[in-house]
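K.L.:
Chain residues, written in single-letter form:
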Amino acid sequence: MNQKKLNFIVVDDSKLDCFIAEKIIRNTGMSDGVLSFTDATAALSHIEQVPTTGPSKTIVIVDIQMPLMNGFEFVEAFQKFPQTIQDQYIIYVLSSSINESDLTRVRNYPSVKHFLNKPLTSNTLSTLLEWV
Amino acid sequence: MSKTDKIKILYIDDEINNLHGFKATFRLDYNVFVAIDTNEAKAHLDKHPDMRIIFCDQRMPEKTGVQFFEEIRADHPYPIRMLLTGYADIESVIDAINRGHVFRYIKKPWTDVDIKTAIEEGNKFYLANSMLAIKNEELQKAYSELDKFAYSVTHDMRGPLLSILGAVDVARNMDDLNEVREILELMDKSVKKLDNFIRSIHDYYNLKRGELHITEIDFKDVTRDQEDIYMIAAKMNNIRFTTSVEQSEMFRCDEASMKIILNNLLSNAFKYQRKNIEEKFVDFSVEVSKGRATILVKDNGIGIHENHIAEIFNMFFRATSEEVGSGFGLYNVKDALLKLNGEITVDSKIDNGTTFKVVIPSK
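Residue numbers (numbering that gives the first Met the number 0), protein chains in the order written: chain A, 0 to 131; chain B, 0 to 362.
Since the hints were derived computationally from the structure, they do not count as laboratory data. This one's a predicted model, so the numbers in the text were calculated from it and none came from an experiment. Wrong hints could be hidden among the right ones.
What the hints assert, rightly or not - Below 27 Å or equal to it, Euclidean Cα-Cα: the simulated DSS-like pairs (lysine-lysine) are:
id, chain 1, residue 1, chain 2, residue 2
1, B, Lys147, A, Lys14
2, B, Lys191, A, Lys14
3, B, Lys348, B, Lys297
4, B, Lys147, B, Lys258
5, B, Lys5, B, Lys107
6, B, Lys258, B, Lys234
7, A, Lys14, B, Lys279
8, B, Lys5, B, Lys115
9, B, Lys134, B, Lys338
10, A, Lys14, B, Lys274
11, B, Lys134, B, Lys333
12, B, Lys270, A, Lys14
13, B, Lys134, B, Lys46
14, B, Lys234, B, Lys348
15, B, Lys333, B, Lys191
16, B, Lys188, B, Lys274
17, B, Lys7, B, Lys41
18, B, Lys234, A, Lys14
19, A, Lys14, B, Lys348
20, A, Lys14, B, Lys188
21, B, Lys279, B, Lys219
22, B, Lys333, B, Lys297
23, B, Lys5, B, Lys46
24, B, Lys356, B, Lys274
What the hints assert, rightly or not - Now the stretches of chain B that chain A is said to cover, found in silico as 3 or more residues with beta-carbon under 8 Å:
id, stretch
25, 166-173
26, 183-196
27, 307-319
Ideal Cβ placement from N, Cα and C applies to all residues, glycine included.
So that you can see chain B by itself, here it is in the shape it has in the complex (with noise of 0.2 Å):
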């Protein structure tokens, strides 16, 4: 086990042999620090968050270990504290359990195996405690979005449905076959629409509850992939679709999420054109080097205004209401690229275009 991956004790004692005698006995299986007074204490745990034990010498001439338990509390709940004590009185235990919420008491001259025990004991209430309150905050986020996106369900699943039942009765009474027309692309277009919102959804699933499958990814491929995808839209819309891939090396992640980001940054890309000008255009590149690929996705298209900008890796936040967005796209970018301690920058102007940096480092 190497020093780092040990479990951090902290020693407090005005006695500076206990503390030379504490650290020879323990250093070897634990990551020891000590203390000649409280001072020097709340600096080691100030630099050490993830201190897990505190063993306190009860009678210092400063100020007695469970006064500085009850002090320590507020800003460092964590860690678990135990008093060390010659003299055992009742009044002193009482104190201690009362006030300080110390977990154990270990009366001096202590033994090894005393404090063995002690830190195994503390260890794994320590874990259990920290665990409950990761999965507490965990689920705390999970309701919330579980919220937001009961609301948000009933609108964008509902809507598309409700607009082509509507559709339908209006058809239902049309006599010029043009009109009738019209009403299919219209009713196509909100088919789409849901159904987009439906992969988006599987998406946002698979990224929640996906595990990451490390594998080799070869840019060249991925974008050929890509390219594949969307020339299509491309040549219909008249927009002008440049790739670039630079690899010399081996890069690895998780596929699947990987395509999550390049997929929604590209349809974002052809999708938010401006539709009255000339040059429209996409450009796509990666580069890999030094163990990072970065990918830009660059567009002229539509932009996006200054004020939304910090808002659009929202869930279900629509910047604007030119084209058919789910609001759940760059959402699922940030969730992926959090996955993949990749980052994600946006450089965008009004009527100007957008530029999409994404870093992502190799796995």
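The following block holds chain A by itself, in its conformation from the complex (with noise of 0.2 Å):
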């Protein structure tokens, strides 16, 4: 397994949902640091304005369904972000959604790694790491 502290952004319109990552991220022991946004566009601005720190790629996880912005559009968005930018990030869907066309258009997008069913457990994440 990498040993490299990473740093986390978690995009969920859902408080509890975004509690519950940041727990199981930090429960891991390695993170570096977890951000939360129930807002999709103020997670694309973070991504957008703030450099990413440290040598390891950040991993944001991203809900499909919320208000205003959805997973998709975020998706679509930072898909037009500089290649300098995306190459900084690593980007996971997490939805209970089990409709099949939301699963295909996720699978369709370059800068998606994964689609992860909600609850997010330790269990998906340690596996989810080794990857990285």
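Fit chain to chain and form the complex, with the hints in mind.
P.N.:
So, in structure tokens, the structure goes:
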């Protein structure tokens, strides 16, 4: 397993889901910091404006169904960022959706590494971190 | 039967005597319109889209009846077309059926019975046809709502459940009681959100399927009920809640629909408050006069962005991630108002507040 500490960004309109994700991420002992956003637009402007620190990539976990800007719109906007910014992040989509067309749509985004089912568990997270 | 309830019938003939005779014979039973040429006939049709039956003479100087029917079919597909002719050659019969899509072919000189039977038969056909069109449209709408519904239910119902499931998993490994309390608080919100969603579905279904039960509404009672519900929330969150009722005449309405409207508007007003301001308020007022109730729900909360105002009444639309909304409330409000022939207008400014104005006529 990669021993570098990682930064995380969680984007979910549900405060409870943000809280759960933060807890699970911290419990892995592999995180350097977790930022959560209930509004995808705020997360986007953070990614655009605040440069990442350290050599490792930042992991972004984003929900699909959110008001104002949903996960799809988030990913589409992210893919318009300069490649230098995009290269610093790894995006995972986390959703309660069991809708086939949602899953297909997620698979078609080149910047999305993987689709994860809610709820996020420490098992899923550890597996996911082994791939990084 | 008043004149407006009668079946509307149009008769086109270039012989004025025929028109007079027709009108004299049938004007008591039907609402008869006559036209001496096709231009006049088209003017009648444009003015009366609910024209049920058209009788047209086949041989007219400018064009034939079949040509006329063929022309109007695109713009006026619903009226039942019948052709009157004294020259029954087989060619024109075939033409009438193939090109003019006529329902009946009546030989001149007609008898009263011929015409009456034709009208009654044509009317039955018209009713069945238009009913089918209406039902089809309703069905189409129901299907597209069901699609949206099924999609959103997976998120709006599974979402909170999965959140709780995740929270349980995390809480298992917690030793700090304060942390456990914090997560319980969040789980509580998730459960309420799910409950709120299920209640909204219940409202939605009642509105769709429910009959209206019109009773006399005393807005003083209605307002007191709402006060009972929201006073606690107002106290807890330090929100000034004022109500006023001016009702000097009787008002009749469906109470259940009325409650859905008031409940949703008030719960939104309390929910979407700005957290960091001192003087939070919700004003509720009702004025009944001249057979109409005007209801105002005013708050100085977070407001709605102007880009979203057009969408707030759409099913599952949410204009903010600030609070737990189902995206169902205002949709139900609009649905209820549709049943009551009421209207709603919104005046909102972001970070300033929102006022909803509802006008409902007494039944």
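K.L.:
Compare the structure with each hint and give your call.
P.N.:
Here is how each hint holds up against the structure:
no.: 1; hint: B:Lys147 to A:Lys14; result: holds (25 Å)
no.: 2; hint: B:Lys191 to A:Lys14; result: holds (14 Å)
no.: 3; hint: B:Lys348 to B:Lys297; result: holds (12 Å)
no.: 4; hint: B:Lys147 to B:Lys258; result: holds (25 Å)
no.: 5; hint: B:Lys5 to B:Lys107; result: holds (25 Å)
no.: 6; hint: B:Lys258 to B:Lys234; result: holds (22 Å)
no.: 7; hint: A:Lys14 to B:Lys279; result: holds (24 Å)
no.: 8; hint: B:Lys5 to B:Lys115; result: holds (14 Å)
no.: 9; hint: B:Lys134 to B:Lys338; result: holds (18 Å)
no.: 10; hint: A:Lys14 to B:Lys274; result: holds (16 Å)
no.: 11; hint: B:Lys134 to B:Lys333; result: holds (21 Å)
no.: 12; hint: B:Lys270 to A:Lys14; result: holds (16 Å)
no.: 13; hint: B:Lys134 to B:Lys46; result: holds (25 Å)
no.: 14; hint: B:Lys234 to B:Lys348; result: holds (25 Å)
no.: 15; hint: B:Lys333 to B:Lys191; result: holds (24 Å)
no.: 16; hint: B:Lys188 to B:Lys274; result: holds (17 Å)
no.: 17; hint: B:Lys7 to B:Lys41; result: holds (14 Å)
no.: 18; hint: B:Lys234 to A:Lys14; result: holds (24 Å)
no.: 19; hint: A:Lys14 to B:Lys348; result: holds (26 Å)
no.: 20; hint: A:Lys14 to B:Lys188; result: holds (9 Å)
no.: 21; hint: B:Lys279 to B:Lys219; result: holds (24 Å)
no.: 22; hint: B:Lys333 to B:Lys297; result: holds (18 Å)
no.: 23; hint: B:Lys5 to B:Lys46; result: holds (16 Å)
no.: 24; hint: B:Lys356 to B:Lys274; result: holds (24 Å)
no.: 25; hint: 166-173; result: holds (count 4)
no.: 26; hint: 183-196; result: holds (count 4)
no.: 27; hint: 307-319; result: holds (count 4)
When each numbered hint is compared with the structure, no violation occurs for any of them.
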